[in-house]
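Student: Each chain, letter by letter, is given below.
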Amino acid sequence: MSGSRSLLTSAGTSAPRRRASSRRLGGRFTGLLFVAPAAALFAVFGVYTIVYGFLLSFARWNGFSPNWTWTGIQNYLDLLGANPPLASSVRVAAQNTLVVMIVLPIAVSAIGLVLAVMLNSVRRFRALLRTVYFLPYVTTGIAVFYAWRFVYEPNGSLNAILSALGLTSLVQREGFLGNPFTSLAAVLFVLIWANVPIAMLLYLTGLQTIPESVVEAARVDGASSVRTLRSVILPLLNPITALVVIIQLREALQNFQVFLLMTNGGPVDSTQVLGLRTYQLAFLDRTTDLGYASALGWMLAAVAIILAIVNLRILRSRQ
Amino acid sequence: MSTMEGAKTSIASRITGRLVGVLAIAAFAVYAVVSVFPFVTMISGSLKTNTEVLTNPWPIPVNPTFDTLVDTWNALDFPTLLVNSLIIAGLSCLLILVIFPLAGYAFAVLEFPFKRVLFAIFVGALFVPGVTVLLPIVILDQQLGLLGTPWAVVLPIVNGAAPIAIILLRAYFSSVPFELHEAAVLDGCSPFGIYWRIYFPLSRSALITVTVLNFVAAWNEYVLPALTNDDASRYPLPVGLQALLSSNVVQWNQVMAASLLIVVPIIVLFVVLQRYFINGLQGSVKG
Amino acid sequence: MQRSLKAVALVTAFATVSALAACSTGGASSEEVLSVWTFKQSEVEALQAVGDAWGSENEMKVEVSVYTPDDAYATKIQSAAKAGTLPDVLSVHSQGEDWKLAQAGIIKDLTDVFDADWQGQFLPGIVDAAAITQTQIDNSGDDPTSTLKDLEAGNFYSVPFLAGTPGVVFARKSLLEAAGVDSATPPTSWEEWVESMTATVENDPATGGLVTGLSVPETGLFWLYRPMAYAYLGKDAFYGRDSVDQSPSWDSAESVETLKLYDQLSPLWAPGVLSLGIDQADQAFADGSAAWDVGGTFTLSSLTTFGVDASDISVFPVPPSTTGKIQTIAYPASPLISGAVTNTSKHQDEAVSFLKYLTSVEGAALFASTALDLPATAVPESALTDPLLKQLVAVIATTSGDETFAPNDFSAQPAGTVLHDASVLLTNLPAKTDTPDGLGRSMSELYTAAWAAIK
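Chains as they are written, first to last, in numbering that gives the first Met the number 0: chain A, 0 to 318; chain B, 0 to 286; chain C, 0 to 454.
Everything labelled a hint here was simulated from the structure, so no lab data went into it.
None of these values were measured; they are calculated from a predicted model.
There are no misleading hints in this set.
Computed spacing ranges between beta-carbons, pair by pair:
1) A:P36 - B:P63: 49 to 55 Å
2) B:D76 - C:G95: 31 to 37 Å
3) A:V170 - B:A26: 19 to 25 Å
4) A:P36 - C:G95: 44 to 50 Å
5) A:A35 - C:S55: 53 to 59 Å
6) C:A152 - B:I266: 55 to 61 Å
Chain C is nowhere near these chain B residues, computed Cβ spacing over 10 Å in every case:
7) S9
8) A11
9) T15
10) F111
11) A182
12) V267
The C-beta atom is built at its ideal place from N, Cα and C for all residues, glycine as well.
For reference, chain A alone in the conformation it holds in the complex (with noise of 0.2 Å):
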């Protein structure tokens, strides 16, 4: 009878019993012997990579010459409008990249909770449905743009399919990547349907966690399947919703590959977004900037773990 346990009870909310019992075990710093691996890993790794990309983003540098020059906040003050060619760019990545931020976490983790659901409970050709499923997440890389630019193209699927079913208006005589308006689009849905199987994969694990007997005590009340779902599951389920709109919105302000390799952020600049500006900075500009692209990296990542912080609060609010 343990009743609707709920994931992630956050540390110290537990009851004093568990408190008690852990106390039994082998002393506080057990814990910390479990956690030793993990942390002395990240000590040598983690730490030295985050200080010196931190620093790095208080100084300008190319890669090549032998010294960092410090400049202390300006490139941050650069960024965001003191250098206008540099801000600009950088604006007109950041407003598609809103659109990315917004769009791609909310149809991940419907999609991929909804496959979850259906994945569950049948009965018949589950390992085949579930390989078919997880197929895009496996095979990324630049087969799949090719043949995703296949598809948009101006005498691609895509096109072909809109005007069998008589839709020639929406037909695209640029193709999809081709017409400034459809192409953020075009490559928002590739980006979705990549990141699915991963929402799909954690939402299976994270529904092995329900108990039965949850699920069995609202059916006896009455309720139908959709209301089970919406009521009960999905509430247990929150901890893992959190963690895949956490991970989505790294995607979204992270994730250059996509945009890299279908669009280069084109045409004019439709397509450019944060992540790919980061890495432009970095690596493809003429004058690469490592301090930039550093600075640019971690206002993203200021930006991102407030964000994660405000949907985890939501969420919380709601069990």
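Take the given structure of chain A and dock chains B and C to it, following the hints.
Tutor: Only chains B and C this time, still in chain A's reference frame:
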């Protein structure tokens, strides 16, 4: 709810239910096609010649040929690169499965000083900008003398897997009924014993998920291996694919074939592992 | 119990495999190795061929490694510089990348060894373009990431071995004939070319259009717009427009006229051109999906590999407008890729010797025929066998003066991202999202801001 109302609702809801059901099946089918088609494009591309890949974009090859696959196998030096990829991905997953469940267990069940701070740090590490971390990793690898070895790639990958692995495993461990824990304590089990004998075996699904996600990430990693190695015989598969992409004239059929060859081992792994994925709800976790 | 045994076995297996993997392979080789890095896959074979020829004379083994794409190459150099694992010879883009690396102290100043004899072997204009000028040093400003102020004017920091010029148009004769255009004589003016293109597009819109790799916006700016604008505005106005005084300004009448001329192409681009990469554009042309392809001498090897029939292709430079200042224009070859010697190399003399061989007539001919590209050295036509390559050599001018346009001379530009931003703005015209007047104003603002940022 009176029986009459109940009956009316149930007829209406049955009809809508069926309609929704049909639409739902249609939607799932469409999405299945959308999920699969690039993979199909890859397969068909590997059976075509380069000219056909460029002129016939549809998935059915006119004259299927195995030559492309054979040529690509040789061009990539597939066996060598495959071994390198297996080493990198295998070592990474092994380390991840050793280190992070331990940490997840500690965060979920144990109490210790700095618990909140440490957890916040691991979660925060998720947002570290990847772009600027590349150079310091190479410098660190060089100073630790790891350049040219698989560890130069494995250790950063494992470190990068920390946030998601720890969050997921902690969530999963937290949901294990506490009675099991108490019973084990009463039996005189040590903390590590409880972890190893009870929690670890119960978390098959979470462990499989963590393995699959990180295996794919490690398998597809191509920047770090290229930067930390000067010897082409140490490269994993994605680096070989990148070389195919930078010929003066790209042989797209070979690119498709190479992508297919690179993806097949992962699919095999996924198919094998997900048999062990626990199905259904947590009703089976009793006793 | 069983599970722990399995686990132990797994761990042991992996440990063994990884230990084996970590052990370095190969014993000591008796030969000295000269390591060469490049960023172009297509050059590997050519460089290796030259390396083998040179190596057999000098008792050294040349090892060529390639790191692509360009950003991976840059990162590889950066990390090797930090880790101390740079090679002996680096391939670099000429007129820019070499100077950046020299400023950073990574590559050697070659002025002393690059003597007059050696200089005499190159195509005209190459050596002048390869030397850094005082204007370029001054224009680089003080910004620590792009400054070149530690370099000396007139010095050489790398030796060019690959040359070329952009601004070359390839046309498919059969498609021209089908539209009633005379394919035997290339158009001598912009207006004539636009007329021919209009005819081919009208004849068959699906195959008669113009392509270039516009998904990389620089192609439109560097390969097509700049040559045309230079001829229209004349040398002073063209460079003056990009200078700090911006005289004439980008939104002046004559400048906007060049944008209007470029806008004449807007209905003539092939469908989907904005999403085409450089190779894809060449592929489209090679399969007959476009009648005109703008590229450069470097497009040659792509087209040849695609198996285009050389007799069906005509080659001509981007023609000037009849209404502009310069009526006949020529494109001298510019250095595109150079070889540099790293300061950390333990075989600096050998590296220089290798570069000398690479740029000798013998080495350059070998390189050109293997790479199917234009060498920086003046190789006699008789030494070349490829018919398209011969046509291209004819496009390269031997004159100098106002009528020649140096396409890679960006000395007038302010440092920073202005060229990329200008390229992106220019794609508004093919995308039909702006007018020439509006674009003129945007460009003017862009350059004003870019120069202001340098002060």
